[in-house]
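Participant: The chain contents come next:
Protein chains: 6
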Amino acid sequence: MPFVTVKLLEGRTEEQKRALVEKVTAAVSETANAPKENIFVMIEEMPKNHLAVGGVLKSDQ
Amino acid sequence: MPFVTVKLLEGRTEEQKRALVEKVTAAVSETANAPKENIFVMIEEMPKNHLAVGGVLKSDQ
Amino acid sequence: MPFVTVKLLEGRTEEQKRALVEKVTAAVSETANAPKENIFVMIEEMPKNHLAVGGVLKSDQ
Amino acid sequence: MPFVTVKLLEGRTEEQKRALVEKVTAAVSETANAPKENIFVMIEEMPKNHLAVGGVLKSDQ
Amino acid sequence: MPFVTVKLLEGRTEEQKRALVEKVTAAVSETANAPKENIFVMIEEMPKNHLAVGGVLKSDQ
Amino acid sequence: MPFVTVKLLEGRTEEQKRALVEKVTAAVSETANAPKENIFVMIEEMPKNHLAVGGVLKSDQ
Chain A
1 MPFVTVKLLE GRTEEQKRAL VEKVTAAVSE TANAPKENIF VMIEEMPKNH LAVGGVLKSD
61 Q
Chain B
1 MPFVTVKLLE GRTEEQKRAL VEKVTAAVSE TANAPKENIF VMIEEMPKNH LAVGGVLKSD
61 Q
Chain C
1 MPFVTVKLLE GRTEEQKRAL VEKVTAAVSE TANAPKENIF VMIEEMPKNH LAVGGVLKSD
61 Q
Chain D
1 MPFVTVKLLE GRTEEQKRAL VEKVTAAVSE TANAPKENIF VMIEEMPKNH LAVGGVLKSD
61 Q
Chain E
1 MPFVTVKLLE GRTEEQKRAL VEKVTAAVSE TANAPKENIF VMIEEMPKNH LAVGGVLKSD
61 Q
Chain F
1 MPFVTVKLLE GRTEEQKRAL VEKVTAAVSE TANAPKENIF VMIEEMPKNH LAVGGVLKSD
61 Q
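Chains as they are written, first to last, in the UniProt record's numbering: chain A, 1 to 61; chain B, 1 to 61; chain C, 1 to 61; chain D, 1 to 61; chain E, 1 to 61; chain F, 1 to 61.
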């Protein structure tokens, strides 16, 4: 019963999100030996002013 | 000092959220033996195109 | 399809954990109008030297 | 490669967020002995009706 | 700069974990259009007495 | 009422953890304008075989 969370910067299209959850689910199913219907994937989008690397917001880089 | 996070699909009313945090807090307080004022509950809502089961977004099911 | 995470200091008994997940699930089911079999509860225990309040570890208080 | 998440009530200005990630990154770098460029800070804002203390939503207090 | 967390029941082998992070990284890179070196995958294992479905711990099912 | 989570590779000493939560709390208090006693910091340690960068576990790099 794997639970997967993918946090990434906002801006992906619906088509990209659709492909993302499909491919990630397949990858987890295959390698962790779990049936696909038991795998949950959650997408969390971050705005650029809510992620910092090296102490600097992405919106300032 | 329990911290509770409830992730669920968006669409609940204010009245439902109010009842949710009240009842969940009572349940944790009673079973984990913690005073209510030390219990924090956070609600996180997911849009239907950000949760997938079996590799398919909820917005596509 | 609510996902609930309960983070708390380690030290609860199996009986307390069993009651915790049962009561929390009932509380979410009743208030968020979700069938119990769709509700997932995860417990995460913290050692006392991994939680700080006011800048001081619980193990130092 | 520390990953820091700061969850707080919404309402901080851009200037506050900018200072927050800068100072938190410096604090982690200095104490955990990690180079700043390897430190990631994520801000997550909560609306007042999504955080409860003692079973009562912040929007009701 | 996607951050992926995979929570699953404990018990996978090192070989399974190695394959899991490799395949998940490839899936995210391909679909979210992110270079592999910017993708972080974290595994979090849960003991069976820390996950409940339908109000019942996995260790009791 | 900020909640801060710091995920990092295991291996820091108690003294480093003590300094980490003290300095991070001060940084958040100063920049987010929150009293120290309302700030919670949680440390989460990852073993090297549970974090991957670029698809490769830290334990394999």
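Quick caveat, the hints were computed from the structure, so don't treat them as lab data. Treat the hints loosely; a few may be bogus.
One copy or any two copies: either way a pair holds, since identical chains are not told apart in the list.
Unchecked claim - In silico SDA-like links for lysine to any residue, alpha-carbon gap of 25 Å or less: (1) Lys48 / Gln61; (2) Lys7 / Asn33; (3) Lys36 / Arg18; (4) Lys58 / Pro2; (5) Lys58 / Arg12; (6) Lys48 / Asp60; (7) Lys58 / Glu37; (8) Lys7 / Glu37; (9) Lys7 / Ala26; (10) Lys58 / Asn38; (11) Lys36 / Pro47.
Only a predicted model underlies this, so the values are computations on that prediction, with no experimental measurement involved.
Participant: Now, for every hint given, state plainly whether the structure supports it.
Facilitator: Structure-based check of all given hints:
{"no.": "1", "hint": "Lys48 / Gln61", "in the structure": "within (10 Å within a copy, 30 Å between copies)"}
{"no.": "2", "hint": "Lys7 / Asn33", "in the structure": "both (24 Å within a copy, 14 Å between copies)"}
{"no.": "3", "hint": "Lys36 / Arg18", "in the structure": "both (15 Å within a copy, 19 Å between copies)"}
{"no.": "4", "hint": "Lys58 / Pro2", "in the structure": "between (30 Å within a copy, 13 Å between copies)"}
{"no.": "5", "hint": "Lys58 / Arg12", "in the structure": "both (16 Å within a copy, 17 Å between copies)"}
{"no.": "6", "hint": "Lys48 / Asp60", "in the structure": "within (8 Å within a copy, 27 Å between copies)"}
{"no.": "7", "hint": "Lys58 / Glu37", "in the structure": "between (36 Å within a copy, 13 Å between copies)"}
{"no.": "8", "hint": "Lys7 / Glu37", "in the structure": "both (22 Å within a copy, 16 Å between copies)"}
{"no.": "9", "hint": "Lys7 / Ala26", "in the structure": "both (18 Å within a copy, 16 Å between copies)"}
{"no.": "10", "hint": "Lys58 / Asn38", "in the structure": "between (35 Å within a copy, 14 Å between copies)"}
{"no.": "11", "hint": "Lys36 / Pro47", "in the structure": "between (30 Å within a copy, 21 Å between copies)"}
Of the hints listed earlier, there is not a single one the structure fails to meet.
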